[in-house]
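Whole structure, please, built from the sequences with the hints as guidance.
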Amino acid sequence: NAGVTQTPKFRVLKTGQSMTLLCAQDMNHEYMYWYRQDPGMGLRLIHYSVGEGTTAKGEVPDGYNVSRLKKQNFLLGLESAAPSQTSVYFCASSYSPGGFDEQYFGPGTRLTVT
Amino acid sequence: QQQVKQSPQSLIVQKGGISIINCAYENTAFDYFPWYQQFPGKGPALLIAIRPDVSEKKEGRFTISFNKSAKQFSLHIMDSQPGDSATYFCAARKGGGNKLTFGTGTQLKVEL
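As they're listed, the protein sequences go chains G and D.
Counting in this note's numbering, the first sequence tops out at residue 132, every number present.
Counting in this note's numbering, the second sequence tops out at residue 117, every number present.
If you're looking for bench data, these hints aren't it; they were derived computationally from the structure.
Check the hints yourself; a few may be wrong.
[Said to hold, decoys possible] Below, a sample of chain D positions facing chain G; criterion: calculated Cβ distance under 7 Å:
1) Ala34
2) Tyr37
3) Gly48
4) Pro49
5) Leu51
6) Asn103
7) Phe107
8) Thr109
9) Gly110
Quick reminder that beta carbons are idealized off the backbone N, C-alpha and C, glycines included.
What follows is the structure, given as structure tokens:
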């Protein structure tokens with residue numbers, strides 16, 4: 019199993035450009051999450067999904083959109099990138115609702131917005 | 006608003022020593038408290054976790070101590086090794102969605 023994979027690994031954008039980050043998991047997990055990690059701020063939840071076709075806002079959703087058209091994929095979109103969105107983005111997944119389930123993280127995408 | 010406060014921000018420990026990282030929370034609705042370990046260039050990975058109905062959980066050299074009345078929990082790493090050098094995040098889960106609120110992280114360096 020590959021676990022959680024993220025594409026791309028690195029990206030540089032100019033202010034105002036758009037891009038989509040792809041997360042894929044092969045563990046048949048129901049729940050998926052997008053976080054951003056910034057120095058001194060830990061990991062902050064952007065959006066999450068509790069199943070195919072569903073999405074919900076997390077702690078810092080502004081400027082981002084997500085889609086979960088297939089159970090195994092969770093896409094994060096930036097419609098008009100801003101320098102404040104320079105960060106490392108992590109995707110995670112977990113198995114099921116209700117239990118104390120481990121979140122499995124991908125390797126991250128380092129995004130720089132100039 | 007930082008719902009989970011973590012300290013210290015960085016920590017240097019000698020090989021064989023004890024590393025202690027502390028976290029405090031405010032929201033009594035949190036029901037699960039995991040610790041994640043992150044090596045440079047990698048995603049976080051679950052290290053150990055505790056439910057609030059127990060006061061301590063030990064797995065090998067890693068122990069979580071949990072004080073429900075004080076709303077505090079801590080990670081103890083016994084016999085710290087250079088391979089333990091990483092960033093450690095405490096977290097807390099609140100019910101539906103299995104959503105985690107993370108602390109700000111502690112960068113641990115274990116020196117020879």
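Task: Structure versus earlier hints - violations, ascending order - done: 1
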